[in-house]
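> Given next are the chains, with one letter for each unit.
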Amino acid sequence: MKFKNSLSRQFIFLMGTFILAFTIGAAVLLSLLHFLNSSFSEQRTELKEKERVVQAIDKDFNKAFFDARGYLALGNKNLKTSALAQEGKIRILNKKLEKLDPSKENRKLISDIDSFRHYYFDQTLPEAFGNYENGKMDLVIQTANTQATSRVNEFQHLLSNYIDTSEKKLEQNFKYLVKMQTYVQIGFIVFILGILLLLLRIIRIMLRNVGQPLSLLTKAAYDIAEGQISSPIIGSDRKDEIGLLSNAFRTMARKVQEKEEDLMAHNEELMAQQDELQAQQYELETALEIRKQNEEKLKNRNQLTNLISNSLDKQVVLDSIVHTMCKIIGADRGIIALYNDKSSASHGISKKGEEQFLIHMESGLYEKLSFEKKPFAIRRELDLAEKGFHDGILYGHDLYLPIFSSDTHISAVMVFTRYGSPFQESDLGEYMALAKNIGISLDKISLFERSEEERKRNQDILDTVKEGIQLVTIDGRILQVNDQFCEIFNEAELPLVGKPFSVWSRELAEFVEEEDFPDFLKKTVQFNDPAVKVEKAFIYRFKSNSRIIKVYSEDLYRGNEKLGTVFVHRDITKEYEVDQIKSEFVSTVSHELRTPLASILGFTELMLNRELKPERQKKYLATILSEAVRLTSLINDFLDVQRMEAGKQAYDKKYIELLPILNTVIELQKVNTSKHEIILDSCPENPMILGDKAKVEQVFTNLISNAIKYSPEGGPIKIQVHHSGGCLNVDVADKGMGIPKDAMDKLFTKFYRVDNTDQKRIGGTGLGLAIVQEIMKAHDGSVTVESEYGKGSTFTASFPAVESTADPHEQDKTASSGSGYSIMVVEDDTSLVRLIRQELKDSGFNVIAFKKASEALEYLNINTPDAIVLDILLEDAETDGWEFMKTVKKRDNLAQIPIIVSSALEEKEKGFSLGAMDYLIKPYKPSQLSRTIMQTLLKIGKVGQILVPEKEDSRT
Amino acid sequence: MKRILLAEDEEILRMLVTDTLEDEDYEVDEAEDGQQALELASRNHYDLIILDYMMPMLTGLEVIEAIRTKLNNKSVKILMLSAKSQSYEQEKIIQAGADYFMAKPFSPLQLLEKVKGIVNEY
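Heads up: the sequence lines are chains A and B, in that order. Using the numbering used here, you'd call the opening residue of the first sequence number 1 and step up by one each time. Using the numbering used here, you'd call the opening residue of the second sequence number 957 and step up by one each time.
Just chain B, same shape as in the assembly (with noise of 0.2 Å):
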């Protein structure tokens, strides 16, 4: 079973997304903010970490150059979800470090198809 950390800090979301992932039997860890979300990055292994753009204590970007730098861990997929859709916004996230970006608001289902594609490719 592939393994996905989730960070975002609305409830409802992390909630829509966790639902979307796990009926397709993917297990789901959810972090609220930033900080939870290096924390359990550090700790476990992941197949792919999904991260909101906008989150207390550490904002997405914030952690994936925490993630690369600090924790070395070049080869975990990220995917960035933002509400920030302009180009220049997407080229910024990708250059930090993230693999993949998907625009806010999302369907769940084609976060499900991209999640596949990653998870699968990967």
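Only chain A is shown next, with the shape it has when bound in the complex (with noise of 0.2 Å):
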């Protein structure tokens, strides 16, 4: 395609001409309207000019005239100075309009400023001045009079012409300037019309030269569409786009005729194959059918196989069995029974009828189908149930479909009944197939059912574990725990078994104090070379109860192999909290020990290194007895636990009075307090026990030594004996400080001590109560108490109740042993006299007590005692234990009596030298005493036959 001859060449032509045209008409008028523009404001700025210097010209001139006629009438000098002064301005203003204008008209209106002024300033005004300062007043005025006035007159109404005419020229000249303005629009407007007519004609050439021809064409290409071949008729001469694209046109056009004269020959033949299609399909339809009829065979099969696999409940796959086997064999009933467990499911039977068949499966029927090993189908009179509403004679046929197991054995039986249509012997081959399967998931099932039943064995028997049992695999999944782990870590609601090692583990340590739980988990879990050594028990604490778990771990091996780890969590919070109140304990008893073993060590070292003064040595010496005292008791009370917890503890058990016994304690306590007021408040008439009475005794001076000790500021104690359910109660209650309600349970546990570090710290070994608690046990009694923690607590003793009358012949005969002795006891501790008092009273004697020994010696001036018990040190700085017995024996009256020295002193021989019959050194049990005593009494012939207490024994 030539560019010369193509339409887009036409058409930039065409355009081209178009812009040129409207370019050049613009740029014409733009610059006719400049022009005439700036011609017309040149001028009037020229004018304008001109009139402001005429009018200047004017202005200086009437100041003159004003000046020279002020000066003429005031004689002013100044006014007729300015007067003149005007000259020289106005000559400048006319130099200034000549130079502006140096047109003729105006040259004239110069030479008039010019000659006026030659008149006014040259000879008017000196003549005037003159003659008015010559005093020619009117000269002056007739001057003025005749021409001056009328010639000035003149003058400023040539100036005012001027300014007129000027005004009127300005005026012209824009009405000149409007109506070439004016002219210059009609021309625009002429040319934008110019302009249309030429675009006009430029589409009307587009239109002839493209449009029609196509127009032409689209209608041939309708026509070829519907098939009319007709060529188009234009421009074949064309050489541009459209020429060629009509030659195109025409090419094509005939193309297609000739392949539409193909196609037609092509279109038979078609036909013809078509036929033979249509024969061929109704073939493939047939075949299809049959396929249909396959896959309809196999999706039954499938669905049983999927139905039987999908589930391990037995008796959901027996349903599934039947019903599904029901709808292959189209079968209106059927059964399914197991030999072996006798269970069973059918499909449109009665629970009756499936009994029955249950009852009679075994007779007959085992043995034809395990004879023959293959199904076998009868044909009988269907029987009036199932007849229905039909009359006349109906047949149904029963199919029975052995099952068997992989040993070959008849596993099952099944039996399906339809009405009408006999069971083909073709199909039974595919009944059977569907047996097989059937027999191989019931297999499965049994097998099943075997391998849970020792599962759930293995469970129950990990769940009578005690210990938490956690089985970790060796890619460190939980593969099973028992009860007592999900216990212990509350697993109902975190099911961990199956997690992986990271979820477990990081929940377990969400419940442990312990941060590096999870490291030793890890390093359990993950071990697997069994020469290294790794840490196989971890103690734990958890978060939330503080209980304390140890764990251990072990390996799972088999053979050679890890198949995972073992751990065994073991709740060891019992364990641990008794550890340490041992520990406790341990720190408790070395204070309690080293307090009085302080003031022994450091009172004797004085004693030893210091000179004191007799009084202080004294006091001293009392001070390391009563602490030695405290230290005996403390010994004892240790003594005493470990052999109640060795249950070596034997009791003297005798009905005995209460009230003596609660009297004797509560005055030896008395003693220890002046804050304290304790009452016997009420006390039934004479209550007995049955009782060892050291052992009661025990009791009530740790329960009322308690009741003192925790109400460090005092208050009454009030001891109250009262009858209540067939027990005999003693109460004792303190307004003390109470007993926190968490400390309650643990208050009889040995060792332990109600924590009050907040309160003033109170001594004891935490002995006591555990100790009154082993007593009243091995009385057939109890001790209980009730307290509120800050206003007090009351503990209660209860003893089984005696019958009062049944008792008191016992007594007297047990107390009778050495009734009726009088034994003088001179001893300065007056706790260890009460302590003599008591153990020689309960021995029958009667006690004379002396703290002194001449006190002592002034009783034996009137009396005589059957016996004598000395004590060596005595406060008595006089006389001591040696003179007493000098004096003593000196006597003749009572030189018989025996003396038993009681002493810390070691002097034993001593002692018998100066006539002494048995020597106990302190500390010594008060009862080993009063057995010296009786020996004592035997061994002089005093007392002929008497019973030796055989307390002493009977206790240790």
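Errors might be hidden in some of the hints.
[Said to hold, decoys possible] Straight-line C-alpha distance at most 25 Å; calculated PhoX-like pairs for lysine-lysine:
1. Lys582/A x Lys1048/B
2. Lys852/A x Lys670/A
3. Lys95/A x Lys48/A
4. Lys852/A x Lys922/A
5. Lys1072/B x Lys613/A
6. Lys1040/B x Lys709/A
7. Lys1072/B x Lys582/A
8. Lys259/A x Lys219/A
9. Lys718/A x Lys675/A
10. Lys550/A x Lys574/A
11. Lys741/A x Lys791/A
12. Lys852/A x Lys908/A
[Stated by the list, open to error] What the simulated footprint calls covered on chain B by chain A, stretch by stretch (three residues with Cβ under 8 Å from a Cβ of chain A suffice, anywhere in the stretch; the number is not a length):
13. 964 to 972
14. 975 to 984
15. 1056 to 1068
No lab work stands behind these hints: they were computed from the structure. For each residue, glycine too, the CB sits at the ideal point set by N, CA and C.
Fit chain to chain and form the complex, with the hints in mind.
Next up, the structure:
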């Protein structure tokens, strides 16, 4: 396609011409307009300037007139000078005017102004001023009236005329401009119209050259589409795009015509082929029908296989077998029954029918099937129920299908009933194949049941173990846990079984305070090399309830292969607490022991190293003694507890009166306190108990001393004795600090002491109440407590009630062993005196005690006791034990009285040489004293036959 | 005369220490518990304070802390008596601000020597 022939070139040429014409026209008009505007404004400026200068000249003349008149009227010299000065100004302005417009008309005006200036300034004014100065006012007035004034007025008129003229000129100029502008506007409109005409012309050319032939081509294309092949008539001679297009179009039309003829031929061929295909399709459809039937069978079989492998629940599987088989077979009723456990499922058969079948299935049917090993079908008449509303004879067909287990035994039998159509021999093979599938799945189920049974048994065994057991596989998953494990970790809420290590170790760690717990788990689970030693136990504490658990890990091996890890979690909270209590006890005991030891050691050291006054020495010795007694009683407590723990504590139970015991204890305890008032409040008449007196005393001593200890602010301690519920109860109530609720359970635990660090620290070993409880248990009684924290506590010791009439005789009998003998005790330790007095009284002796030897000697002047118990180191500075003994032995009437020395001093020889019968070294048990006295009395023949109390033997 | 405050809840031990020191012409003020000790320490000037470790109301440690921080008395010498003689317990006591330590049971004469040393040094 050559460019010079193309449509594009034609269009570009037309558009170029158009744009050129438009641009030139517009430029001409615009420059014309601009020229007009600029020439107008130039003229206008020039005129305005001239007018301004003329006005200035006018003004200056006016000023000269007024000043001159002013001088003439007033005679002010300044005004004269000013009037004359105006001349120079006017001359300059006139020159300027001349320069502005040198036109003829203007020159006339300039010469006018000059001539007037000459006249006024050179003639009129000098003349007038000369006259005025020469006093010829009348001449001045005359001159003014004759010519000057008229000449001035004329000139002024000339100037104003000139200004008017130039105003008019301006106006004329403006009008001319407006007129010219209007012409230009009209010219512009004409130009636009011309341009529009040109455009119209161009469009027409385009339409004729392009539009027409295109629409012809379009019509031809539609014709072709409609099958009328006709060549477009236009411009085959044209060389531009349209020409080419129409040539191409003609070629196309010809080709199309040729192709159409070809197609017609083809079409006929195709018709023949189609007939052939239709025949083939019919064949295929027949084949498809057969395939569909096969598919249906396969589907049924798949469905059956699916159903029976989907579940391991036997009943569910049996139900789905019987339903699916009925559908496959097209049976109306069916049943499946297992031989081994008689489980069954049915379709369309009543419960009763099913049971009946189960009862009779083994008689005959089993033998027949296991002999033939194949299914069989029978034809029978339908019974009335099966027939329903049908009349006449109807037949049904029963199919018996055996199911074999893997060991070729019959494991189950299926029976199906079909009304109407009989079973085909060809179908039976298919049914047998299904039965085989069923057999496999039933085998699977029974295998599963057996392994499930085993698994459950294993779990049951694990669940009976008291420790939490957790089985972890080699890859860290939890395989199994037992109940106890779930209980420890509250596992019901977080099922961990099957979870990977990262999950369960994190979840367990949540419970545990120890931060290295996951590390321990990780090490033990990942540990694979038996040669490497790994920590196999770990103790952890629960965040929530501070339970303490010890976990052991043990690797699980089969042969040399590691299968996993077993964790055993054992709750050791109790042991741990006991341990803690024990260690606390050790520290308490060491403190309790150290305090008396410190004083004993300290005072002894002072006494050995210092010269002390006798009073000080005595005081120190007394202190040492009392501390030693305190130490002894502490040690006795420990020994008591140990004996009780070992079950070696023996009790010598007798019928005893409670009141004397209570009174003795109260009296003894009163000594220990000044702040407390110990009151025996109420008491039934003469209550009796069956008990070991010393032990019962110990019970009340402990209870009352506790009451004193735990009410450090003082207050009443009330003791009440009362019967209730077949028991004799003794309440010991204080108004002290009370017991916190959380401490109540542990109160009677050995070594436990109520934590009272925030209160006054109270000493003690934590053994008192444990001893009390032990003793009360041994008396078939109990000790209980009620307490309100901060308000006080009431301890109640309950003894089994005793018929009060049954006992006094025995009491007398046992007490009578040493009755009547009077024993003198010389001892300055009051607490020891009480102890001895009590012991001797219990053994039936009468006791008279003295603190000072001198007083004892005075008593001996009148009385003669049966025996004397003598302490050596006495408060009495004048007479010590040795002196006393010497004095007594000197007196004839007293020399025969046996003296038993009871002293801390180990000077037996000195004692015996001075005539002592026996020598007891403190500390000794009071019971030992009474036995010694008995033996002594026996020796000297005072007592004929005496029963030595067996107390001592039975106690140890 | 040097003045010494003795805080000890056991009356007998108090007597032992007081007798030992008073014989050597020391003036001894006695406190039965931590609270009393603190009150006396806040009222009077002492050359030495002897404290028992286990005391009612306030333990020896608490008294030391109160003297050193609450009363802001850093200069008074403190001797602690304690049955807790293990080295780590001693360390704890010295850390709390005690200057000297003596294990229970103690020898009164040794205590006297120690007190003499402390007070004279002071």
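> Taking the hints in turn, state whether each one holds.
Hint by hint, here is what the structure shows:
With a CA separation close to 23 Å, the supplied pair Lys582/A and Lys1048/B stays within the 25 Å bound. Under the criterion of a C-alpha separation no larger than 25 Å, the hint pairing Lys852/A with Lys670/A is consistent with the structure, at around 23 Å. The hinted pair formed by Lys95/A and Lys48/A meets the criterion: a straight-line CA distance of about 17 Å does not exceed 25 Å. Note on Lys852/A and Lys922/A: the hinted pairing holds, with a Cα-Cα distance of about 19 Å set against a maximum of 25 Å.
For the hint linking Lys1072/B to Lys613/A, the alpha-carbon distance of about 24 Å falls within 25 Å, and the restraint holds. For the given pair, Lys1040/B sits about 24 Å from Lys709/A by alpha-carbon distance, which is consistent with the 25 Å threshold. Between Lys1072/B and Lys582/A the CA atoms are separated by roughly 40 Å; this puts the pair beyond 25 Å, and the hint is violated. Between Lys259/A and Lys219/A the CA atoms are separated by roughly 21 Å; this keeps the pair inside 25 Å, and the hint holds.
A hinted pair counts as satisfied when its Cα atoms are at most 25 Å apart, and Lys718/A with Lys675/A qualifies at roughly 14 Å. Proximity of Lys550/A to Lys574/A is assessed by CA-CA distance (about 12 Å); at most 25 Å being required, the pair is judged to hold. Of the pairs offered as hints, the one joining Lys741/A and Lys791/A holds, with about 12 Å between alpha carbons and a cut-off of 25 Å not exceeded. Between the alpha carbons of Lys852/A and Lys908/A the distance comes to roughly 22 Å, so the proposed pair stays at or under 25 Å and holds.
Chain A is given as covering the stretch 964 to 972 of chain B, and this holds because 6 residues of the stretch bring a CB closer than 8 Å to a CB of that chain, at least three being needed. Figure legend: the stretch 975 to 984 of chain B, annotated as covered by chain A; annotation consistent (3 residues with Cβ-Cβ distances under 8 Å, at least 3 required). A stretch counts as covered by a chain when three or more of its residues have a beta carbon under 8 Å from one of that chain; for the stretch 1056 to 1068 of chain B and chain A the count is 6, and the coverage holds.
Violation of the numbered hints given earlier is confined to hint 7; every other hint is satisfied by the structure.
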